[in-house]
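Protein chains: 2
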Amino acid sequence: MEELIVIKIGGNIIDDTEALHTFLCDFSAIVSPKILIHGGGKLATQLSSKLGIETKMVEGRRITGEETVKIVTMTYAGWVNKTIVAALQSRQCNALGLSGADANLIPALKRPVKDIDYGWVGNIDKAKVNTGFLKNILGVGIVPVIAPISCNADGHLLNINADTIAKTVAEAMIPCYRVKLVYCFEKSGLLLDVNDDSSVINEIDLTLAEQLKTEGIINAGMVPKIDNALEAVSNGVSEVVIGHAKNILQMANGEKGFGTIIKA
Amino acid sequence: MEELIVIKIGGNIIDDTEALHTFLCDFSAIVSPKILIHGGGKLATQLSSKLGIETKMVEGRRITGEETVKIVTMTYAGWVNKTIVAALQSRQCNALGLSGADANLIPALKRPVKDIDYGWVGNIDKAKVNTGFLKNILGVGIVPVIAPISCNADGHLLNINADTIAKTVAEAMIPCYRVKLVYCFEKSGLLLDVNDDSSVINEIDLTLAEQLKTEGIINAGMVPKIDNALEAVSNGVSEVVIGHAKNILQMANGEKGFGTIIKA
Numbered sequence: 025m026e027e028l029i030v031i032k033i034g035g036n037i038i039d040d041t042e043a044l045h046t047f048l049c050d051f052s053a054i055v056s057p058k059i060l061i062h063g064g065g066k067l068a069t070q071l072s073s074k075l076g077i078e079t080k081m082v083e084g085r086r087i088t089g090e091e092t093v094k095i096v097t098m099t100y101a102g103w104v105n106k107t108i109v110a111a112l113q114s115r116q117c118n119a120l121g122l123s124g125a126d127a128n129l130i131p132a133l134k135r136p137v138k139d140i141d142y143g144w145v146g147n148i149d150k151a152k153v154n155t156g157f158l159k160n161i162l163g164v165g166i167v168p169v170i171a172p173i174s175c176n177a178d179g180h181l182l183n184i185n186a187d188t189i190a191k192t193v194a195e196a197m198i199p200c201y202r203v204k205l206v207y208c209f210e211k212s213g214l215l216l217d218v219n220d221d222s223s224v225i226n227e228i229d230l231t232l233a234e235q236l237k238t239e240g241i242i243n244a245g246m247v248p249k250i251d252n253a254l255e256a257v258s259n260g261v262s263e264v265v266i267g268h269a270k271n272i273l274q275m276a277n278g279e280k281g282f283g284t285i286i287k288a
Numbered sequence: 025m026e027e028l029i030v031i032k033i034g035g036n037i038i039d040d041t042e043a044l045h046t047f048l049c050d051f052s053a054i055v056s057p058k059i060l061i062h063g064g065g066k067l068a069t070q071l072s073s074k075l076g077i078e079t080k081m082v083e084g085r086r087i088t089g090e091e092t093v094k095i096v097t098m099t100y101a102g103w104v105n106k107t108i109v110a111a112l113q114s115r116q117c118n119a120l121g122l123s124g125a126d127a128n129l130i131p132a133l134k135r136p137v138k139d140i141d142y143g144w145v146g147n148i149d150k151a152k153v154n155t156g157f158l159k160n161i162l163g164v165g166i167v168p169v170i171a172p173i174s175c176n177a178d179g180h181l182l183n184i185n186a187d188t189i190a191k192t193v194a195e196a197m198i199p200c201y202r203v204k205l206v207y208c209f210e211k212s213g214l215l216l217d218v219n220d221d222s223s224v225i226n227e228i229d230l231t232l233a234e235q236l237k238t239e240g241i242i243n244a245g246m247v248p249k250i251d252n253a254l255e256a257v258s259n260g261v262s263e264v265v266i267g268h269a270k271n272i273l274q275m276a277n278g279e280k281g282f283g284t285i286i287k288a
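Sequence order for the protein chains is A and B.
Counting in the numbering used here, the first sequence runs from 25 upward without gaps.
Counting in the numbering used here, the second sequence runs from 25 upward without gaps.
Hints should not be assumed to be uniformly reliable.
If several chains are the same, the list does not tell them apart, and a pair holds so long as it fits within one copy or across any two.
To be verified - Once the Cα atoms are required to be at most 20 angstroms apart in a straight line, the calculated SDA-like pairs of lysine to any residue come out as:
(1) Lys-249 x Ser-114
(2) Lys-74 x Glu-91
(3) Lys-287 x Gly-156
(4) Lys-211 x Asn-271
(5) Lys-74 x Glu-90
(6) Lys-159 x Asn-118
(7) Lys-280 x Cys-200
(8) Lys-287 x Asn-118
(9) Lys-287 x Asp-149
(10) Lys-134 x Ser-114
(11) Lys-270 x Arg-115
(12) Lys-211 x His-45
(13) Lys-134 x Gln-116
(14) Lys-150 x Ala-177
(15) Lys-134 x Arg-115
(16) Lys-152 x Val-164
(17) Lys-66 x Glu-90
(18) Lys-159 x Gly-240
(19) Lys-66 x Glu-91
(20) Lys-287 x Met-81
Think of the hints as simulated: they come from the structure by calculation, not from any bench.
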């Protein structure tokens with residue numbers, strides 16, 4: 025089975041123009057079929073602030089009112105997505121920018137209100153991903169670049185967590201490819217000491233992850249990231265790696281000593 | 025040869041939520057393969073104004089500086105494009121939002137500076153349109169929805185005239201389809217008396233167009249629209265119609281008495 029590499033880049037890379045362009049240069053050089061999923065970075069918050077719209081975050085997630093869904097659609101699916109696509113085109117990488125609404129790629133449901141009303145935020149389901157469309161365009165050498173926006177059946181736009189899109193798309197593509205999932209962020213991997221970028225844990229599994237959570241080494245924003253990664257491998261993604269965007273080529277090529285590999 | 029309908033909707037429809045949704049409902053009902061090209065409306069100007077960025081227009085065309093290209097990309101390729109795509113999805117019309125940068129659809133060149141420096145505005149060429157990609161996705165029942173944004177070979181985003189995109193895409197698709205081009209705007213067609221929406225001229229050709237220009241009946245913004253349309257038919261587009269968005273179904277179906285038909 026052919027390998028497909030699903031790569032997610034976080035906001036810190038998007039906010040740093042030079043780091044983003046270095047990343048996109050490396051990304052272009054990856055030979056396998058590949059999909060890029062991007063977050064939004066601080067641009068949405070900056071634009072909201074300029075327009076006098078208050079940004080509300082609960083547990084790292086944006087509360088998305090009518091005005092905010094407009095802002096995130098403009099910045100993520102508009103500026104960030106097209107900037108990445110244009111930069112990839114200039115490197116002869118034939119990118120196609122997508123939201124989850126396009127080609128019915130990732131139909132979503134508005135998240136039901138329980139303790140917190142997140143507003144126009146969506147939940148997605150791997151069973152509903154339009155894998156036929158992705159397979160078609162990957163087959164003609166096109167590289168999907170996905171913004172974390174989708175819509176519900178009523179046609180209302182929704183903000184989606186980009187990590188979740190990466191995991192969902194990776195899992196949905198398992199019947200068609202041997203899928204590798206790479207989460208790129210601003211650290212070299214899961215660190216034993218958060219202040220020491222050389223203290224990368226090379227490999228973790230569920231047992232070690234539970235232990236590191238108890239010890240507080242996996243904490244805050246890393247908890248959902250690691251949980252996502254563990255779930256992906258247990259659902260059949262062949263490998264999940266978490267590491268620094270500057271090492272994307274080594275991680276994509278499976279070189280030892282780059283990033284943290286999550287094993288089943 | 026199968027018919028392809030290329031439809032352009034202007035800013036006045038986009039600015040009117042109710043008119044836009046009525047239009048999209050009718051558009052969904054068109055049975056032939058179809059492509060929608062949209063302008064941007066007043067949103068870009070409104071957003072610029074809120075952000076304190078001055079909007080400069082020369083002869084109806086936006087002067088596009090670095091900040092402005094960001095604004096038009098956010099509004100046209102982000103908000104307007106995804107709003108249309110999501111609304112079409114909710115009507116079981118499988119839309120795919122695109123800019124000219126996506127899938128290398130419409131590679132552009134920055135317009136050379138002559139008398140006026142339009143800034144980050146692009147010129148396009150029908151010979152460079154990625155017709156293979158359009159044919160592929162039309163063939164699987166997907167409906168392309170194109171925002172008037174593209175990029176040059178350096179990966180710089182560019183603002184493109186939406187009427188020009190519609191004409192260029194229509195002409196590029198001639199080898200694959202019998203192409204019909206419909207320009208929708210806020211009037212019922214080319215009017216003999218601009219204040220009387222019932223004074224539609226049913227049909228014009230080059231000779232009549234020249235006469236009406238001399239008489240001042242075709243003036244201002246209508247001149248480039250009619251010139252575009254005449255050029256399209258002389259280049260092999262089978263029919264060009266200009267009329268009101270509310271009559272899109274009748275114009276698409278070729279019913280008599282709706283819009284102005286431009287003949288070679």
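At 20 angstroms max between alpha carbons, let me know whether Lys-134 reaches Arg-115 within a copy, between copies, both or neither.
-> between (37 angstroms within a copy, 18 angstroms between copies)
Same-copy or cross-copy closeness of Lys-159 to Asn-118 [CA-CA at most 20 angstroms] | So Lys-159 and Asn-118 pass the 20 angstroms test inside a copy (15 angstroms) and across (17 angstroms) alike.
Between Lys-134 and Gln-116, at a C-alpha cutoff of 20 angstroms, which is it: within one copy, between copies, both, or neither?
-> between (37 angstroms within a copy, 18 angstroms between copies)
Intra/inter-copy verdict for Lys-152 and Val-164 if alpha-carbon distance must be at most 20 angstroms | between (22 angstroms within a copy, 18 angstroms between copies)
Is it within, between, both, or neither for Lys-74 and Glu-91, if the alpha carbons may be no more than 20 angstroms apart?
-> both (13 angstroms within a copy, 14 angstroms between copies)
Is it within, between, both or neither when you check Lys-211 against Asn-271 at 20 angstroms Cα-Cα?
-> Intra 10 angstroms, inter 56 angstroms, cutoff 20 angstroms: intra-copy only.
20 angstroms Cα threshold - placement of Gly-156 relative to Lys-287 | Result: close neither inside a copy nor across copies, 28 angstroms intra and 41 angstroms inter.
For Lys-249 vs Ser-114, is the C-alpha pair at or below 20 angstroms within one copy, between two copies, both, or neither?
-> Classified as neither: same-chain Cα gap 32 angstroms, cross-chain 32 angstroms, threshold 20 angstroms.
Quick one: Lys-287 to Asn-118, C-alpha cut-off 20 angstroms, is that within a copy, between copies, both, or neither?
-> neither (32 angstroms within a copy, 38 angstroms between copies)
From the Cα coordinates, with 20 angstroms as the cut-off, is the pair Lys-287 and Asp-149 best called within, between, both, or neither?
-> neither (23 angstroms within a copy, 50 angstroms between copies)
Same-copy or cross-copy closeness of Lys-134 to Ser-114 [CA-CA at most 20 angstroms] = Between copies, since 14 angstroms is at most 20 angstroms while 36 angstroms is not.
At most 20 angstroms between C-alpha atoms: does Lys-66 with Glu-91 qualify within a copy, between copies, both, or neither?
-> Classified as both: same-chain Cα gap 16 angstroms, cross-chain 17 angstroms, threshold 20 angstroms.
In this structure, the hints that do not hold are numbers 1, 3, 7, 8, 9, 18, 20, in rising order.
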